[in-house]
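Each protein sequence line maps, in turn, to chains A and B.
FYI, the numbering for the first sequence is 1 to 332, going by the working numbering.
FYI, the numbering for the second sequence is 1 to 328, going by the working numbering.
Please keep in mind that the hints were generated in silico from the structure rather than gathered at the bench.
Any given hint could turn out to be false.
What the hints assert, rightly or not - Keeping only pairs whose Cα atoms sit at most 16 Å apart, straight-line, the calculated EDC-like set for lysine to aspartate or glutamate is:
#, chain 1, residue 1, chain 2, residue 2
1, B, K305, A, E316
2, B, K45, A, E257
3, B, K321, B, D224
To be verified - Have a look at the derived ranges for each label pair, beta carbon to beta carbon:
#, chain 1, residue 1, chain 2, residue 2, range
4, A, K144, B, G109, 55 to 65 Å
5, A, A34, B, S108, 50 to 60 Å
6, B, G110, A, I115, 53 to 63 Å
7, B, R278, A, Q330, 49 to 59 Å
To be verified - One side of the interface only, derived from the structure: several residues of chain A facing chain B at Cβ under 8 Å:
#, residue
8, A122
9, E158
10, G159
11, T193
12, V318
13, V325
14, T327
The C-beta atom is built at its ideal place from N, Cα and C for all residues, glycine as well.
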Amino acid sequence: MKKTASNKPKISAEEGKRLLHQMLLIRRFEEKSAEEYTKSKIRGFLHLYVGEEAVAVGVTQSLKEEDYILSTYREHGHALARGMDPGEIMAEMFGKLEGCSMGRGGSMHLFDSKINFFGGNAIVCGHLPMAVGMALASKKQGKKNVTCCFFGEGAAAEGEFHESMNLAALWNVPVLFLCENNLYAMGTALKYTHSEQKLEKKGPAYGIETGSVNGMDLMAVMEASQKAVDYIRKTGKPYFLVCYTYRFRAHSMFDAELYREKAEVEKWKKEDPIPKFSEYLLKEKMISAEEIQEIEGKVEREIEKAIEFAENGTWEDVKDLTRFVYTESQRS
Amino acid sequence: MSKYINLSYRDALKSAIREALKNDERVFLMGEDVGHYGGAFAVSKGLLQEFGPERIMDVPLSESGFTGSGIGAALAGMKPIVEVMTVNFSLLAMDQIINNAATLLHMSGGQLNVPVVIRMGCGIGRQLAAQHSHSWEPFYAHVPGLIVLSVGTHEDARGMLLSALESPDPVILFEYTSMLNLEKEIPEDAGAVDIRQAKVLKQGKDLSLITYGTGVYKCLEAADILAGEGMDVEVIDLRVLRPMDEETFLTSITKTHRALVVEDAWRSVSISSEVAARIMEKAFYELDAPVERLCGVEVPIPYPKHLEDASVPQVYDIVEKVTKMLRP
Ligand SMILES: Cc1ncc(C[n+]2csc(CCOP(=O)(O)OP(=O)(O)O)c2C)c(N)n1
Numbered sequence: 001m002k003k004t005a006s007n008k009p010k011i012s013a014e015e016g017k018r019l020l021h022q023m024l025l026i027r028r029f030e031e032k033s034a035e036e037y038t039k040s041k042i043r044g045f046l047h048l049y050v051g052e053e054a055v056a057v058g059v060t061q062s063l064k065e066e067d068y069i070l071s072t073y074r075e076h077g078h079a080l081a082r083g084m085d086p087g088e089i090m091a092e093m094f095g096k097l098e099g100c101s102m103g104r105g106g107s108m109h110l111f112d113s114k115i116n117f118f119g120g121n122a123i124v125c126g127h128l129p130m131a132v133g134m135a136l137a138s139k140k141q142g143k144k145n146v147t148c149c150f151f152g153e154g155a156a157a158e159g160e161f162h163e164s165m166n167l168a169a170l171w172n173v174p175v176l177f178l179c180e181n182n183l184y185a186m187g188t189a190l191k192y193t194h195s196e197q198k199l200e201k202k203g204p205a206y207g208i209e210t211g212s213v214n215g216m217d218l219m220a221v222m223e224a225s226q227k228a229v230d231y232i233r234k235t236g237k238p239y240f241l242v243c244y245t246y247r248f249r250a251h252s253m254f255d256a257e258l259y260r261e262k263a264e265v266e267k268w269k270k271e272d273p274i275p276k277f278s279e280y281l282l283k284e285k286m287i288s289a290e291e292i293q294e295i296e297g298k299v300e301r302e303i304e305k306a307i308e309f310a311e312n313g314t315w316e317d318v319k320d321l322t323r324f325v326y327t328e329s330q331r332s
Numbered sequence: 001m002s003k004y005i006n007l008s009y010r011d012a013l014k015s016a017i018r019e020a021l022k023n024d025e026r027v028f029l030m031g032e033d034v035g036h037y038g039g040a041f042a043v044s045k046g047l048l049q050e051f052g053p054e055r056i057m058d059v060p061l062s063e064s065g066f067t068g069s070g071i072g073a074a075l076a077g078m079k080p081i082v083e084v085m086t087v088n089f090s091l092l093a094m095d096q097i098i099n100n101a102a103t104l105l106h107m108s109g110g111q112l113n114v115p116v117v118i119r120m121g122c123g124i125g126r127q128l129a130a131q132h133s134h135s136w137e138p139f140y141a142h143v144p145g146l147i148v149l150s151v152g153t154h155e156d157a158r159g160m161l162l163s164a165l166e167s168p169d170p171v172i173l174f175e176y177t178s179m180l181n182l183e184k185e186i187p188e189d190a191g192a193v194d195i196r197q198a199k200v201l202k203q204g205k206d207l208s209l210i211t212y213g214t215g216v217y218k219c220l221e222a223a224d225i226l227a228g229e230g231m232d233v234e235v236i237d238l239r240v241l242r243p244m245d246e247e248t249f250l251t252s253i254t255k256t257h258r259a260l261v262v263e264d265a266w267r268s269v270s271i272s273s274e275v276a277a278r279i280m281e282k283a284f285y286e287l288d289a290p291v292e293r294l295c296g297v298e299v300p301i302p303y304p305k306h307l308e309d310a311s312v313p314q315v316y317d318i319v320e321k322v323t324k325m326l327r328p
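Start from the sequences and build out the full structure, keeping to the hints where you can.
Written out as structure tokens, the structure reads:
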């Protein structure tokens with residue numbers, strides 16, 4: 001990605017196609033997951049990322065291989081954008097041994113240390129202090145990597161959010177606090193959970209450099225996160241970025257959505273980041289309608305492959321139930 | 001004779017909350033998603049519309065903050081029902097529960113009462129994986145000053161909350177989410193229940209099955225199966241995990257001379273360890289065989305169904321174990 005003077009990303013046609021592919025892969029993967037849930041192939045809690053794709057895809061573009069990522073239970077999008085194998089994610093959600101966490105974690109606990117993806121945390125805000133600690137370790141080790149921590153606006157009401165912001169600023173550690181403000185914490189709207197609803201005001205109170213961006217606009221997210229990451233790499237200090245976004249689907253598969261009007265959801269669907277980005281690419285003549293179809297086809301095949309991989313996976317033997325409680329090499 | 005009605009565990013809990021809100025205007029419900037969402041498990045569905053936002057308070061994600069606020073409100077004369085969505089998140093509120101709710105009466109030399117009621121959804125069995133499948137009954141039962149109740153039956157779902165609200169001391173209610181849709185018959189006029197004693201749910205003479213929570217219906221089912229095989233076991237629901245009522249199970253053992261304790265929680269330092277120790281201390285000479293236990297396997301609960309099932313005692317495990325104990 002080249003940058004113009006204004007830091008505005010200028011993408012090539014090839015990059016445009018790659019980005020569209022990533023967003024579509026997440027969208028279709030999530031839709032397929034919902035389907036597999038109704039077939040009872042996936043169980044437990046399933047939180048889908050539909051509508052928020054531009055955030056995961058946009059932010060991960062500014063990250064390097066050596067950067068660390070931590071996320072929530074709504075993390076399929078972050079994992080896919082990071083390059084986790086769709087088959088391994090699907091197998092994880094099927095509970096199979098071939099899953100990225102050997103089937104032990106399920107949808108909410110995707111881990112892949114090979115690509116520096118540290119989960120998959122299902123306790124709201126539970127990963128923020130750890131993100132600060134990982135960034136602290138980088139600092140102590142003289143590493144130049146950034147820790148990127150995704151969380152929702154609901155999490156920003158927890159004490160751990162405030163403790164983490166303070167610690168990160170106090171210790172000057174290279175962490176990106178990436179708040180995905182989708183306006184609802186489960187069924188409780190922002191206005192019922194935050195006295196100050198402009199969340200970006202919370203950063204300066206801790207002396208943290210802060211920005212906010214329209215999370216439905218991929219290019220804008222890329223620009224804002226690149227700016228944030230550049231700042232962190234240059235100064236070694238934390239940054240707080242609030243992305244305004246919206247989830248199109250229910251909080252989880254158990255949610256009757258009593259707390260919001262259908263019309264509101266429909267209104268937000270007009271901001272759908274995927275058609276918006278496709279239109280941009282079409283307008284800039286970086287892609288043709290046929291090429292979009294080709295990408296759709298490719299995504300479909302990737303997802304079919306992922307399902308097949310998950311279906312063909314194996315169930316772990318019950319006799320191994322107590323594995324991974326303690327480090328095995330220490331106990332044998 | 002009173003009429004019986006069919007009620008789901010969820011509706012039993014809900015009707016108790018409604019009754020409490022109607023009976024006493026100091027009572028209010030506070031918790032994450034109790035209002036607009038209708039309750040994470042639909043227990044409080046419709047109550048916001050019926051009672052308004054002053055009585056049904058949606059709170060931000062801030063377990064320590066809102067649980068502590070509930071404790072403060074109780075201290076100052078209100079009767080809050082604090083709902084911690086699930087026991088898993090109560091870890092974030094534990095400081096408030098233990099360092100404040102459980103200790104204020106003592107530290108103040110008896111001056112300050114904390115009549116707060118804290119409800120928590122809990123239980124294993126819905127493939128929610130390690131962070132959402134905790135059994136923290138033993139943690140809370142460890143703490144003097146708390147009254148810890150396990151809602152293992154529909155009658156208790158209907159009645160325990162009402163009795164808890166009468167308590168001058170803090171009460172923790174463990175509610176089992178896997179039972180929410182389960183329907184049972186209970187007396188139409190069911191209401192407040194005793195919250196001091198364990199309960200013998202089925203009489204028997206061969207062995208005492210001692211349990212709580214989701215173990216209750218499992219043990220009753222196992223007892224039925226065993227009866228078909230000619231084994232007559234007594235089933236005891238502990239109900240009150242602190243202060244623990246030992247009389248009920250000690251009396252049972254003087255009749256059966258054998259005991260099996262069943263629970264989902266991890267084996268070490270658990271409720272069953274406590275029960276077993278008390279039997280050893282107080283009924284050792286009544287025993288014809290060592291006390292046995294069926295507990296959760298000591299592993300963070302894994303996601304796949306077959307591993308999750310293998311992590312906690314199932315009905316067939318109970319049947320098998322009792323059979324081995326009675327017909328070695
Ligand atoms: C500490 C804690 N409290 C409550 C929950 C239950 N819960 C899961 S997700 C959620 C809402 C979180 O909202 P937000 O942080 O905005 O993220 P979003 O789900 O919108 O992505 C709640 C209340 C939890 N998992 N952890």
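To see whether the hints hold, each was checked on the structure:
1. Distance check on the hinted pair: B/K305 and A/E316 sit about 11 Å apart at the alpha-carbon level, within 16 Å; holds.
2. Between B/K45 and A/E257, the direct Cα distance comes to roughly 12 Å. Compliance with the 16 Å bound is thereby established for this hinted pair.
3. For a cut-off of 16 Å, the pair hint linking B/K321 to B/D224 stands: about 14 Å separates their Cα positions.
4. For A/K144 and B/G109, the Cβ-Cβ distance of about 58 Å falls inside the hinted range of 55 to 65 Å, so the restraint holds.
5. Between A/A34 and B/S108, the C-beta spacing of about 53 Å keeps the proposed range 50 to 60 Å intact.
6. Under the hint 53 to 63 Å, the C-beta atoms of B/G110 and A/I115, about 58 Å apart, fit the expected range.
7. For the pair B/R278 and A/Q330, the supplied restraint of 49 to 59 Å is violated, since their beta-carbon distance comes to about 36 Å.
8. At about 4 Å, the closest approach between the beta carbon of A/A122 and any beta carbon in chain B falls short of 8 Å, and the interface hint on this residue holds.
9. With its C-beta approaching chain B no nearer than about 5 Å, A/E158 sits inside the 8 Å limit, and its interface hint holds.
10. The restraint placing A/G159 at the interface with chain B holds, with a minimum CB-CB distance near 6 Å, inside the 8 Å limit.
11. The closest approach between the C-beta of A/T193 and any C-beta of chain B is roughly 4 Å, which is under the 8 Å cut-off, so the hint is satisfied.
12. Hint on A/V318 holds. Least Cβ distance to chain B is approximately 5 Å, under the 8 Å limit.
13. Of the supplied interface hints, the one on A/V325 holds, with its beta-carbon coming within about 5 Å of a beta-carbon of chain B, less than 8 Å.
14. A cut of 8 Å between beta carbons decides the hint on A/T327: the least distance to chain B is about 14 Å, and the hint is violated.
Hint check: violations occur at hints 7 and 14; the rest are consistent with the structure.
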